[in-house]
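**Student:** Based on these hints, arrange chain B on the given structure of chain A.
First to last, the sequence lines map onto chains A and B. Using numbering that gives the first Met the number 0, you'd call the opening residue of the first sequence number 0 and step up by one each time. Using numbering that gives the first Met the number 0, you'd call the opening residue of the second sequence number 0 and step up by one each time.
Hints were generated in silico from the structure; no laboratory data involved. Any given hint could be a false lead.
Unchecked claim - Computed from the model, here is a short list of chain B residues facing chain A with C-beta under 10 Å:
id: 1; residue: 57
id: 2; residue: 64
id: 3; residue: 66
id: 4; residue: 82
id: 5; residue: 97
id: 6; residue: 136
id: 7; residue: 137
id: 8; residue: 138
id: 9; residue: 146
id: 10; residue: 147
id: 11; residue: 150
id: 12; residue: 152
id: 13; residue: 155
id: 14; residue: 160
As the list claims (entries may be wrong) - Only pairs whose alpha carbons sit at most 20 Å apart, straight line, appear in this in silico SDA-like list of lysine to any residue:
id: 15; chain 1: A; residue 1: 58; chain 2: B; residue 2: 124
id: 16; chain 1: A; residue 1: 132; chain 2: B; residue 2: 152
id: 17; chain 1: A; residue 1: 132; chain 2: B; residue 2: 126
id: 18; chain 1: A; residue 1: 132; chain 2: B; residue 2: 123
id: 19; chain 1: A; residue 1: 132; chain 2: B; residue 2: 153
id: 20; chain 1: A; residue 1: 58; chain 2: B; residue 2: 123
id: 21; chain 1: A; residue 1: 132; chain 2: B; residue 2: 65
id: 22; chain 1: A; residue 1: 132; chain 2: B; residue 2: 155
id: 23; chain 1: B; residue 1: 110; chain 2: B; residue 2: 155
id: 24; chain 1: A; residue 1: 58; chain 2: B; residue 2: 126
id: 25; chain 1: A; residue 1: 150; chain 2: A; residue 2: 171
id: 26; chain 1: A; residue 1: 132; chain 2: B; residue 2: 143
id: 27; chain 1: A; residue 1: 132; chain 2: B; residue 2: 110
id: 28; chain 1: A; residue 1: 132; chain 2: B; residue 2: 147
id: 29; chain 1: A; residue 1: 58; chain 2: A; residue 2: 150
id: 30; chain 1: A; residue 1: 150; chain 2: A; residue 2: 212
Cβ coordinates follow ideal geometry from the N, Cα and C atoms, glycine included.
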Amino acid sequence: MQRHNIMKQLILLTVIFSSSAFGQVQPEPTGVIQTLPAPWPAHWIIAHDVAFFHMSDGKFYVLDAESDDAATRVKGIFNGAFIAQFTQATTRPEMYILETFRSRGSRGERTDVLTIYGKDNLAPIGEVVIPPKRASAMPTNYHLQLVDDEKLALIYNFTPATSVSVVDIVNREFLAEIPIPGCSLVYPMAGRAFASLCTDGSMMSVQLDENGEQASTARTGVFFDANNDPIMEKAVMIDGVAYFPTFLGRVVPVDLNGSEPEVGREWSLLGDGDEGWRPGGIQVTERDSDGRMYVLMHPDGYEGSHKDPGTEVWVFDVENKRRVDRIELQLPAISMGMTNDDDPLLLVTNVNLELDIYTAKSGEYQRTLNNFAAETVLMLYGAE
Amino acid sequence: MKWLDGWLDKTAENTARSISQKTSRRGFLGKVAGVVVGGAVTVPLLPVARSQENPAPREEGDPASCEYWRYCAIDGFLCGCCGGSMNSCPPGTEMSPITWIGTCENPVDGKSYIISYNDCCGKSSCGNCLCQRNEGDRPVYNPRVSNDLNWCLGTSSNTYHCSTAIVIGAALDE
Chain A
0 MQRHNIMKQL
10 ILLTVIFSSS
20 AFGQVQPEPT
30 GVIQTLPAPW
40 PAHWIIAHDV
50 AFFHMSDGKF
60 YVLDAESDDA
70 ATRVKGIFNG
80 AFIAQFTQAT
90 TRPEMYILET
100 FRSRGSRGER
110 TDVLTIYGKD
120 NLAPIGEVVI
130 PPKRASAMPT
140 NYHLQLVDDE
150 KLALIYNFTP
160 ATSVSVVDIV
170 NREFLAEIPI
180 PGCSLVYPMA
190 GRAFASLCTD
200 GSMMSVQLDE
210 NGEQASTART
220 GVFFDANNDP
230 IMEKAVMIDG
240 VAYFPTFLGR
250 VVPVDLNGSE
260 PEVGREWSLL
270 GDGDEGWRPG
280 GIQVTERDSD
290 GRMYVLMHPD
300 GYEGSHKDPG
310 TEVWVFDVEN
320 KRRVDRIELQ
330 LPAISMGMTN
340 DDDPLLLVTN
350 VNLELDIYTA
360 KSGEYQRTLN
370 NFAAETVLML
380 YGAE
Chain B
0 MKWLDGWLDK
10 TAENTARSIS
20 QKTSRRGFLG
30 KVAGVVVGGA
40 VTVPLLPVAR
50 SQENPAPREE
60 GDPASCEYWR
70 YCAIDGFLCG
80 CCGGSMNSCP
90 PGTEMSPITW
100 IGTCENPVDG
110 KSYIISYNDC
120 CGKSSCGNCL
130 CQRNEGDRPV
140 YNPRVSNDLN
150 WCLGTSSNTY
160 HCSTAIVIGA
170 ALDE
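The shape of chain A in the complex, shown without the other chains:
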């Protein structure tokens, strides 16, 4: 009986496919897969959805921030497992994702990898297996950094012993692990070197040799208090200088252009009448192509408000240490990014967890990007 039915269906299909109606339509090719232009348009952005409610399934959305079409503004998606960390090259069309996998999903053997994605195909074009020690933490810009003209990738480890994994990203091989006891994160320095913030209020720097091993170390004096008005680790780098805001609204510059970090003179983000304003959020600082610093700020600060949403973005001329603009946000925001062109867009995740887009230099609101399936976008990046 069943065989009889199958025969009937086959005959029907033969009739359909041999009919003249089928021949009148140009068949579309199958197997077509889109690619992306190189370089990407300046106002394409990368939105990191960490998928806080299902962390193994994090995603990076490539979006056209100029588009008002919710469907076609999505240019592609790539993955980042278990609260990934992200950086991208400026000299190669590559992006680097720090990921953790377990052999049986939530359990089993752990594997940490630095995955290399191509910008043209959004596919994993390579990977480097690294020691399964990478810090599992909320995303920041300083878990994963490139140094030495983007030849080396540096990865922050926390087990809770702290160290840095060194990867030759050109030849795609793990080189070495550098202990940084009492210190955390990786801030890029000139050449084959990095710096880390230390619990005692100092900064440690490490020079690497040709094999990626530790050649020498140095330590600044104590320049911040890790408990009382601590510096935020969420610095912005402008011309090789890391600008660290503090919980209470000071800013501490550290010049990383030399062989050792050089701590500069601190100044205040606050002027007359600004009492109570504080920096806060997930990524609280940014910079534009003119070297101006942007800080996400909220009023009525209190102990514990350093991750609260910001209602304004304050813009600073870091050379003259003065505020030059004050952008009132449509909705309070929890994180901030910036495109990398001369007419940059300021990107924020608002408290509805949508993306609000502003013209950075005028502060003018442009549009809201939502309804593209992201749930918890915590970090935003402009395309390089």
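**Tutor:** Chain B alone, transformed into the frame defined by chain A:
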């Protein structure tokens, strides 16, 4: 989305919390410093008043609420909403032996207590009762008081499920 609710609520809460914190912030920070000095990066040797004779603190409120006093520095899903309780892990998970700590004031007796926020690990995100409060939270370079880190360390899996809030002693004043 509870997380969203949390962010939205937070803006409204700022004013009220600001008033209460302004009056006690100096004392609060003093207590934190007094407690954590001398702690190692791993398991802190806390100079807390911990003994079997000490009574448990008297408590009031709803342990399923993010506003419950023990959660002053928590960041994660409350285990009491995931099959565990405020001081125990849900079935089939594994409690991290190392963690971050907070110093929270119990409104019933006005005393400050050291809270150990041990994570429960080995299953994916519980997803229920997300709670983020940051009193005494510090950046990740000060890990023992940082809630941005996944503290599923020293467990067979580092997959994060939820967070407990265990009273481990009374905070000592300066």
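**Student:** None of the hints should be skipped; say for each whether it holds.
**Tutor:** Verification of the hints:
Nearest Cβ of chain A to the Cβ of residue 57 (chain B): about 24 Å, over the 10 Å cut. The hint is violated. Look at residue 64 (chain B): its Cβ only gets to about 17 Å from chain A, farther than 10 Å, so that hint breaks. For the restraint placing residue 66 (chain B) at the interface with chain A, the shortest Cβ-Cβ distance is roughly 13 Å, beyond the 10 Å limit, so the hint is violated. At its closest, the beta carbon of residue 82 (chain B) sits 15 Å from a beta carbon of chain A; the interface hint therefore is violated under the 10 Å criterion.
For residue 97 (chain B), the interface hint holds, since its Cβ comes within 10 Å of a Cβ in chain A; the closest pair sits about 6 Å apart. Interface restraint check: residue 136 (chain B) against chain A, minimum CB-CB distance 7 Å, threshold 10 Å, status holds. For residue 137 (chain B), the interface hint holds, the least distance from its beta-carbon to any beta-carbon of chain A being 6 Å, beneath 10 Å. Against a cut-off of 10 Å between C-beta atoms, the interface hint on residue 138 (chain B) holds, since the closest Cβ of chain A lies about 4 Å away.
A distance limit of 10 Å between C-beta atoms decides the matter here; for residue 146 (chain B) the minimum to chain A is near 9 Å, and the interface restraint holds. Here the hint on residue 147 (chain B) is kept, as its CB sits about 4 Å from the closest CB of chain A, short of 10 Å. Look at residue 150 (chain B): its Cβ gets to within about 9 Å of chain A, closer than 10 Å, so that hint holds up. For residue 152 (chain B), the interface hint holds, the least distance from its beta-carbon to any beta-carbon of chain A being 6 Å, beneath 10 Å.
With 10 Å as the threshold, the beta carbon of residue 155 (chain B) comes within range of chain A, its nearest partner Cβ sitting at about 7 Å, so the hint holds. Hint status for residue 160 (chain B) relative to chain A: holds, with the closest Cβ pair at about 8 Å, below 10 Å. Taken as a hint, the residue 58 (chain A) and residue 124 (chain B) pair is honoured in the structure, with Cα atoms around 16 Å apart against an allowance of 20 Å. The straight-line distance between the Cα atoms of residue 132 (chain A) and residue 152 (chain B) is roughly 10 Å, inside the 20 Å bound, and the hint therefore holds.
With a C-alpha separation of about 25 Å, the suggested pairing of residue 132 (chain A) with residue 126 (chain B) is violated against the 20 Å cut-off. A distance of roughly 19 Å separates the Cα atoms of residue 132 (chain A) and residue 123 (chain B); the hinted pair therefore holds under the 20 Å criterion. Of the supplied pair hints, the one linking residue 132 (chain A) and residue 153 (chain B) holds, its CA atoms being roughly 12 Å apart against a limit of 20 Å. Among the hinted pairs, residue 58 (chain A) with residue 123 (chain B) is consistent with the structure: their alpha-carbon atoms are about 16 Å apart, no more than 20 Å.
For a cut-off of 20 Å, the pair hint linking residue 132 (chain A) to residue 65 (chain B) is broken: about 31 Å separates their Cα positions. For the suggested pair residue 132 (chain A) and residue 155 (chain B), the alpha carbons sit about 13 Å apart, so the restraint of at most 20 Å is met. In summary, the hint linking residue 110 (chain B) to residue 155 (chain B) is not supported, as the alpha carbons are separated by about 36 Å, beyond the 20 Å threshold. Between residue 58 (chain A) and residue 126 (chain B) the CA atoms are separated by roughly 18 Å; this keeps the pair inside 20 Å, and the hint holds.
Restraint check: the Cα-Cα separation between residue 150 (chain A) and residue 171 (chain A) comes to about 10 Å, which is no more than 20 Å; the hinted pair holds. A C-alpha spacing of about 18 Å is found between residue 132 (chain A) and residue 143 (chain B), which places the hinted pair at or below 20 Å, so the restraint holds. As the CA atoms of residue 132 (chain A) and residue 110 (chain B) are separated by approximately 38 Å, the hinted pair breaks the 20 Å bound. Between residue 132 (chain A) and residue 147 (chain B) the CA atoms are separated by roughly 16 Å; this keeps the pair inside 20 Å, and the hint holds.
Note on residue 58 (chain A) and residue 150 (chain A): the hinted pairing is violated, with a Cα-Cα distance of about 26 Å set against a maximum of 20 Å. A distance of roughly 14 Å separates the Cα atoms of residue 150 (chain A) and residue 212 (chain A); the hinted pair therefore holds under the 20 Å criterion.
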